[in-house]
Amino acid sequence: MAFEYAPAPESRAIVDIAPSYGLFIDGEFTEAADGKVFKTVSPSTEEVLSEVAQAGAEDVDRAVKAARKAFQKWSALPGSERAKYLFRIARIVQERSRELAVLETLDNGKPIKETRDADLPLVAAHFFYYAGWADKLDHAGYGANPRPLGVAGQVIPWNFPLLMLAWKIAPALATGNTVVLKPAETTPLSALFFADICRQAGLPKGVVNILPGYGDAGAALVAHPDVNKVAFTGSTAVGKEIARTVAGTRKKLTLELGGKGANIVFDDAPIDQAVEGIVTGIFFNQGQVCCAGSRLLVQESVQDELLDSLKRRLSTLRLGDPLDKNTDIGAINSAEQLARITALAEQGEAEGAERWSPACELPSAGYWFAPTLFTNVTQAHTIARDEIFGPVLSVLTFRTPDEAVAKANNTQYGLSAGIWTEKGSRILAVANKLRAGVVWSNTFNKFDPASPFGGYKESGFGREGGRHGLEAYLDV
Amino acid sequence: MSEKTEKSEKIEKTERLSVFKTYKLYVGGKFPRSESGRVYEVSDSKGNWLANAPQSSRKDARDAVVAARKAFGGWAGATAYNRGQVLYRVAEMLEGRKEQFVREVADAEGLSKPKAAAVVDAAVDRWVWYAGWTDKIAQVIGGANPVAGPYFNLSSPEPTGVVAVVAPQESSFLGLVSVVAPVIATGNTAVVIASEKAPLPALSLGEVLATSDVPGGVVNILSGRTAEIAAPLAAHQDVNAIDLAGADEVLAKELEIAAADNLKRVLRPQAVDYFETPGTDRMTAFLETKTVWHPTGSLGASGSSY
Amino acid sequence: MPTTAPTAHALSDVTASDSTLRRFLHGLPGVDAVGLEARAASLGTRSIKTTAKAYAIDLAISMVDLTTLEGADTPGKVRALGAKAVHPDPTDRTTPTTAAVCVYPDMVAVAKEAVAGSGVKVASVATAFPAGRAALDVKLADVRDAVAAGADEIDMVIDRGAFLAGRYLKVYDEIVAVKEACGTSARLKVIFETGELSTYDNIRRASWLGMLAGADFIKTSTGKVAVNATPANTLLMLEAVRDFRAQTGTQVGVKPAGGIRTTKDAIKFLVLVNETAGEDWLDNHWFRFGASSLLNDLLMQRQKLATGRYSGPDYVTVD
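Chains as they are written, first to last, in our numbering: chain A, 1 to 476; chain B, 1001 to 1306; chain C, 2001 to 2319.
So here's chain A without its partners, still in its complex pose (with noise of 0.2 Å):
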């Protein structure tokens, strides 16, 4: 009798979504001037959650007055008392983990393990570290006095909604500014919980203005006249017609984009740790993830043995229910991003790369992709170049360090990279050598909030996270 593990879901009940919201706009939940709505979705099985409030031009108009007016209370309070608040924030999301971690998991569609043991507790920790920072500017090295920006328009995108909301309001407050945010269209649920946590902790009106809606939103709130500080997190193309819009003006730009990490592994690598450093770089987060290692780079003389030990651990992942405890890999985010992994991994076939799934059985309704590796992949392929932003693995192979440093340098990203091996001046050279933003040295997608985090090249300018992460929101 083998040991099959019993369904163990966590409870629902503990999360209560309305049938609908409006925006979140100076403090209060408003309708949209429109009064247009969309429905959020469950991507792990297609039932509706709620309906959200869209916002237009004219909302973003009125959030951003909303920001503009908070503005100088907020920024003129010591910043001993606007660290206050960002504690109390950092205490209510961790009293509030779990519902948190069950509603992100319900929207976003990824394994409440995630959202319970990675997301949730470094939105709490993002929140803690920046609350620190408040009443300490002075020593961030940014001079005397710092001073913040104004109105910050942020946008999210769907892959960690809250983390991501979290790693842009928390050092946009600390430093005294506003905020207007805009989550992504599919993930509107968590900022909107966000809101109701703003309320709960007292923090002033029109600090934080939250506008569920769609990329137009997005765009009426870089072009806004009266924004001072734009930060995006998505995809490369939305970057650069972004940093379009903001050319030619005072606006501060930070931006991070997409990726093509390479994982490399040396032939003198911890294998059975590099394995899971692999299945670790790709599949979490279904792969959605703008610092996946999505290129292995294996050293050719352990490429069989190491593939060998891939395909065995990948038949032991659990892809399902994403509010089962046991489940690793859970829905992708939505039926659009479904059909783009789709495509990508026919490319990937037509162009010729081997293509392998563990045995692997997906639910019938909901967005679903089983993890999938390619061999016989070269820098040629589609595959290897683009983003795919799916549970889609990539397998090259080289022959020595430099060659190693080459193809993984060979792209227009610059986000992450990964290295195996056991010689620890190998690690130091290459990682000195690979243009990327964060190098995993044996490890991979660890993450924190006094690490600073950004890309070099098309993944982006700027770094989240640490005290680096203070600038982007100072006038400096």
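All the given hints hold, so there is nothing to weed out.
DSBU-like, lysine-lysine: derived pairs with alpha carbons at most 35 Å apart:
1) 1253/B - 73/A
2) 205/A - 136/A
3) 1136/B - 240/A
4) 325/A - 2049/C
5) 407/A - 1070/B
6) 423/A - 2170/C
7) 1253/B - 240/A
8) 433/A - 1030/B
9) 407/A - 1030/B
10) 407/A - 1059/B
11) 325/A - 2264/C
12) 1253/B - 433/A
13) 446/A - 1136/B
14) 240/A - 1059/B
15) 205/A - 240/A
16) 407/A - 423/A
17) 2053/C - 2264/C
18) 1253/B - 1059/B
19) 2179/C - 2224/C
20) 446/A - 423/A
21) 311/A - 407/A
22) 311/A - 2049/C
23) 433/A - 423/A
24) 65/A - 205/A
25) 311/A - 2053/C
26) 2264/C - 2224/C
Hint data in this document are derived by calculation from the structure and do not stem from the laboratory.
Since we're looking at a predicted model, the values are computed, not measured.
Dock chains B and C against the given chain A, drawing on the hints supplied.
Structure of chains B and C alone, referenced to chain A:
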């Protein structure tokens, strides 16, 4: 008194005809003419002819980028101490050719000799200032990050790559040095567009750099029509960043839009008093932060990690 | 796992001399401690509920080597232990028996009698357990004595001193000699005392060394030192048996011992087995828990699942 009239007087006195300098571009450590064969007239502030400067073309810009890219690995990989020594050497060489630069700056900017001398002194001192920064900036803006886990986590600044520099139009020498030195101090390489109407001090600086142990290609200096050269540089996919110091409002916007195609780091034009001691922002504008995670963990299986 | 997979024949060459053995063991892939522990912790978050939990509890009971290794052991104590092994829960005869009782060599005969006819094995520690600091002749006499008394399994300790001094061939030869002394009737468990080997790299090397020398089981520890079985060192040993079978076709069992006291812990170890070595090892022929107090917690949890009420220590036997 313009240089020209001075020259004429000399001829009368000594009956010796002075030797004019042919101003050339500085690309890849060499002094080519513009591949276009074009030159344009450069005059002093009173309109007197000073020299013909090369009028660089798109292809000159392209060649300069190739040279800058080629030089990048070696320059970025040089030790910070070595870069500091090289920058200090530039100051030394400049000090020795001060008279020439005082004359050129006076002509270019219509300054009195004492004022021009103050400009050149400040420029020499600026090289010295940045020479001292090369091996300090990493400690000031990088460091260990206290992450919540068994990892050693270190952030270090790294040069962005090839930086296109639209040098200031008015401050043709001190402004130029003030925007070029921070770019290369940290290991970037530069393609510099000299002040359009006053390019001669910049072109002469190339001669100083060539004799100062600055590896060829680290700084490349082009003269010509700013807009004509800047446009292809802003759009060039192998340029990583652009300093718009010398671009006017309209041009700056155009260039920033073009720069978005490969997400260049853009330093927008701003009012700067180049006599003031700079901050670190012209260096940090062209630095990336690389963060590396290393597991630390327990010393072994019998340790206290469980 | 050297970079090119050797055949069984190639592996037999590695023990030809001290230097070939050293080269082989030091050529095994390194272990990153943080990554290993993170993987073990991550598998520890599996949620095993309802039917899966019932299955896991019975499996765990059937894998217990119910152990008493005290200077104060008496025939009475050992007989009581044997009775408990045969009928762990006197109130519920559907409860599986434990795999074995584990005693000192002088108690083997008593134990054998106590479990006679039940299928419960008698395991005996030997080779100057727990320190192993005796001459080889003495160790072998210890083993032969236990085997002669009817021991089905011998739990030997390796010479950690020799291992840490790099004298791998000495350790190897000793295991081979003990294996020979076990004859065909007793299976050999090789105890590394992982807490004394100190590094994960050493544990991986010791695992391969033990398997090359003919161990039927590799076992973490004696239960007599500060750090005994942990999820991480057991995970590492499970990787070793998995890889050894892939290369040689020979399956070797794993026994974590010491420090596993609760059902929750035991189930985490079963998850490690299931997702690392695989279901072929989910059988008491291939996986054991060296434990004493664990059994009662398993029994209380078993009662809880059956009745829906939490049980208490008065409802399980203290032997």
